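Novice: Spelled out, the chains give:
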Amino acid sequence: MDFLDSIRGMSFFDMHVHMISRTTDDYQAMADAGVVAVIEPAFWMGQPRTGVDSFRDYFATLVGWERFRASQFGIRHYCTIGLNSKEANQEALAEQVMDILPLFIYKEGVVGIGEIGFDDQTPAEEKYYRAQLELAREASLPVQIHTPHRDKKQGTSRSMDIAIEHGLAPGMVIVDHNNEETVREVLDRGFWAGFTIYPFTKMGNERMVEIVKQYGPERIMINSAADWGISDPLAVPKTAALMKQHGISDEAIRLVTFENAVTAFAQSGQLSLDDLTQPLTIDQSQRFNGSSVLRGGQAPRVDKESTIIR
Amino acid sequence: MNSLQLSQTLFYLIEQQPDSAAAVNYLRQQVDAFHTSPQKSAFYRVFTALPRFVGKQPLTVPADMAFALQQARPGFTVSGWTRDRLARVWWLLQLPADEQSTYVSTITELFKAGELNELVALYSALPVLAYPEAWRFQATEGIRNNIADVQSAIMLHNPYPADYLDEAAWNQLILKAFFTDKDVTQIIGLNERKNARLAQTLADYAAERRAAGRSLPPHIERLM
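Each protein sequence line maps, in turn, to chains A and B.
Straight run, no breaks: the first sequence in our numbering ends on number 404.
Straight run, no breaks: the second sequence in our numbering ends on number 679.
In case anyone wonders, no lab produced these hints; they're calculated from the structure.
Keep in mind that a hint or two might mislead.
Capping the alpha-carbon separation at 27 Å, the derived lysine-lysine pairs in DSS-like fashion look like this [said to hold, decoys possible]:
#: 1; chain 1: A; residue 1: Lys221; chain 2: B; residue 2: Lys567
#: 2; chain 1: B; residue 1: Lys637; chain 2: B; residue 2: Lys511
#: 3; chain 1: A; residue 1: Lys246; chain 2: B; residue 2: Lys495
#: 4; chain 1: B; residue 1: Lys567; chain 2: A; residue 2: Lys180
#: 5; chain 1: A; residue 1: Lys180; chain 2: B; residue 2: Lys637
#: 6; chain 1: A; residue 1: Lys246; chain 2: A; residue 2: Lys180
#: 7; chain 1: A; residue 1: Lys180; chain 2: B; residue 2: Lys649
#: 8; chain 1: A; residue 1: Lys221; chain 2: B; residue 2: Lys631
Given the structure is predicted, the values throughout are model-derived calculations rather than measurements.
Pulled out of the complex, with its shape left as it was, chain B reads as follows (with noise of 0.2 Å):
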């Protein structure tokens, strides 16, 4: 992943929307600042401020953008994002890898104090973050947790689970998935991480169904 590329993208998709100068303003403002002075206090007070400075509309993203998200990170995709989300996760892109303890750390201390749209942000982001693999455990953090619309970030078009998530937690994600009303078919890697451990475990839960008199979620069958 190129993750130059990748923040040059989504600031040049944030330039895009309609009237944001503004936004892209505070954003150039913020990002020269922390540069010259990168104080963590000033990365978590930009995260958590950036909705009332870029606003929370929903996304437009030209083809052209799609398609150059796809190539820098594939299976990445900001379709259905609002402004905010997207600003969120270009800003994580600013905070220097170079020491992994410190970046890990400054991040799942977000993670931690994060209210339900920044969670929403942060697990978006995971498959851009510098040391993929130090994430895993967060991933399934995502998966446990109760508020459908941060399950639905990590769960749904987020590549990182397919990418990095072993085969228990893998199979957690999609039981909780069916368990949690999701459409299936938009999780990245459904038909690739099909296993056998998985189809008799959904195999039990459709008995179980049966047996309450409760119906089957819509495409259960395609993975038992």
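Chain A extracted, bound-state conformation (with noise of 0.2 Å):
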């Protein structure tokens, strides 16, 4: 892969990538494009779960099995805890999801509120944000919004209104999703701004690169957002490639695809420069609760190159 060549030595942070529903090889790949970590938000499987325990037993995996799936390719893995808006809607369901985010929240490894914010702007939706950005507030924890697909621009603009209100400092609010439409304002109001590089229906980079030039690197972050729809685990060091290419810094890409990430999310107290910096020793001969990545017989490390699969 020739984009490879371009940025061999670069480290990478995504910092928003649901690998709960990626394989190996993605984290695989990932590792060997120079991601070295990876935030995975809390948010909904594609379908409406039906009851609390699922909500528990997803959040349990986000700080349990994948953290240690992803250490065994080498890549840490961080998460965000929250009731994502779709589900948010549920307001019975919502309730009982509340009352367990205490448990959660404060684990190791969690390095914020996320990803909530507006879907569908509803009231029910309006609520359950407001509640988490208290709950962020009490824990000084940063606040990962998800901003909505639909009605973008105002529910954008809302999801900041109410997180000023709420007492938060918009240096502790991530601002995820945004789009041509969305980023001046964010950026001129103080907040992070995330962008994702996802194919049809969210950014493209190649107009990520145009942003960047008209923004330059500071408080602008990407990600993949990688996750059981058609995307791209790839799209934070394609991005950096791509923006190399294009005559963009070495510095203005570290910040863009590593270190802004880093210096937003540091602010929980959860992660540091320093973490990320030391390498990750891989033994996939490790276990978690008795389980390993491997399957009886296999080797640690797959050879992609053969065509050969024992």
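Hints in hand, dock the two standalone chains.
Specialist: Written out as structure tokens, the structure is:
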């Protein structure tokens, strides 16, 4: 792969990716492309959950098995925990989820409350968004905001208004899924601006290059938001390569693809630049509750060049 | 709406399908048994297992039958449906509706456990279920669904949303329809429920599409 050569030696932090939906091939490819850390925000599963136990197990997976799985490829896995906007609409269940959130948000490696905010912009979504902003303020955790796909511009403004109303400093809030129409207001108001490079629906990376040229690298960060949809877990390194090709400086690329996200989420006290620059030793024979990512007889590192699968 | 008349018309339509004798026989047996002993487990079993007894072929709907359905429930249509979808909606009409909380909770369980085709049938049934105002939230969950066929079942050729959704929920339906590339001309009530807030949101959406160098979805200008 050609693009890998141009970014060899660079480190990337994908600050929004749903690894629970991805395979070990993805982890391997990400590690090979220089991704050293990820944040997995709690989201929905593509369909609504029907009971609080499903949420409990999901949150436990994010701080448990998924973190372990990532570590087996040398990737540090952090997460943000929260009740997503779509499922906030099932109010009876949402109440139960709110009750278990304090069990998870103070855990090690939980770097924020997220992804929360608006989807349809219903009163129920607003209610639980506000309640979780309060939770974030109490816990002094950053907030990762999902801005809506539909009615995006107004939804983004409103999300920021409400965060301010609840006394959150803009510097503690990462507003995600920005585009050309929202970025100016987000930056002008002092919030962090996340951009999701996701084919067809969100940002393309050529557009992203233009945004970095126009606005500079301050308080901007990019992610793949790769999930169960058609998405690309290599979106961050690929965009770095494209920025390099278009003459954006290495320092600016580093800010947008790594350091800004570290600075923003380090405010949780749960990650630091020092942590991320230490190599993580990979031992795929390690176990988590007795389980390994290896199955009987597997070699710890699969040789992708071979057509033979043993 | 006349539920009994509607139920009879739907059953008659099943009888009219070619080679449907075994299916009709099965449905008669099940409904007789259910009327004698209305067990929830039997209600669920029949609803779920229906396709293996009635088949999944596309329906043939004669014009007089389509007209009769329109008379029984304005806006309601079964054109383009399959046999299992029709039979499931018919089966839902066999649930006693004398007690609201039992009725609603029984059907809500079906929604919670539903797979794709069951959800399609359930959302198609909203305009003919009892206690129509009790399904408003469920209808918004259908719009929120990520599966194209399920979205279509609530959004397209379905009179329930225009009749019962408030303005915010209606506007979400329209926006989601544009976002998911639906043919919005198939939405019942598209023109009747135009509103200023929707026009503003769609104008913002159009601006965002242009900024991204993307084309506008067809018919969006009709609502702006």
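Novice: Now tell me, hint by hint, if it's right for this structure.
Specialist: Results for each hint:
1. The suggested pairing of lysine 221(A) with lysine 567(B) holds, with an alpha-carbon distance near 24 Å, which does not exceed 27 Å.
2. Restraint check for lysine 637(B) and lysine 511(B): satisfied, since their Cα atoms lie roughly 24 Å apart, inside the 27 Å limit.
3. Between lysine 246(A) and lysine 495(B) the CA atoms are separated by roughly 44 Å; this puts the pair beyond 27 Å, and the hint is violated.
4. Our distance criterion of 27 Å between C-alpha atoms is met by lysine 567(B) and lysine 180(A), whose separation comes to about 16 Å.
5. The suggested pairing of lysine 180(A) with lysine 637(B) holds, with an alpha-carbon distance near 21 Å, which does not exceed 27 Å.
6. Between lysine 246(A) and lysine 180(A) the CA atoms are separated by roughly 15 Å; this keeps the pair inside 27 Å, and the hint holds.
7. The suggested pairing of lysine 180(A) with lysine 649(B) holds, with an alpha-carbon distance near 25 Å, which does not exceed 27 Å.
8. Only pairs whose Cα atoms come within 27 Å are accepted, and lysine 221(A) paired with lysine 631(B) is accepted, the gap being roughly 22 Å.
Figure legend: structure checked against the earlier numbered hints; the only hint not met is number 3.
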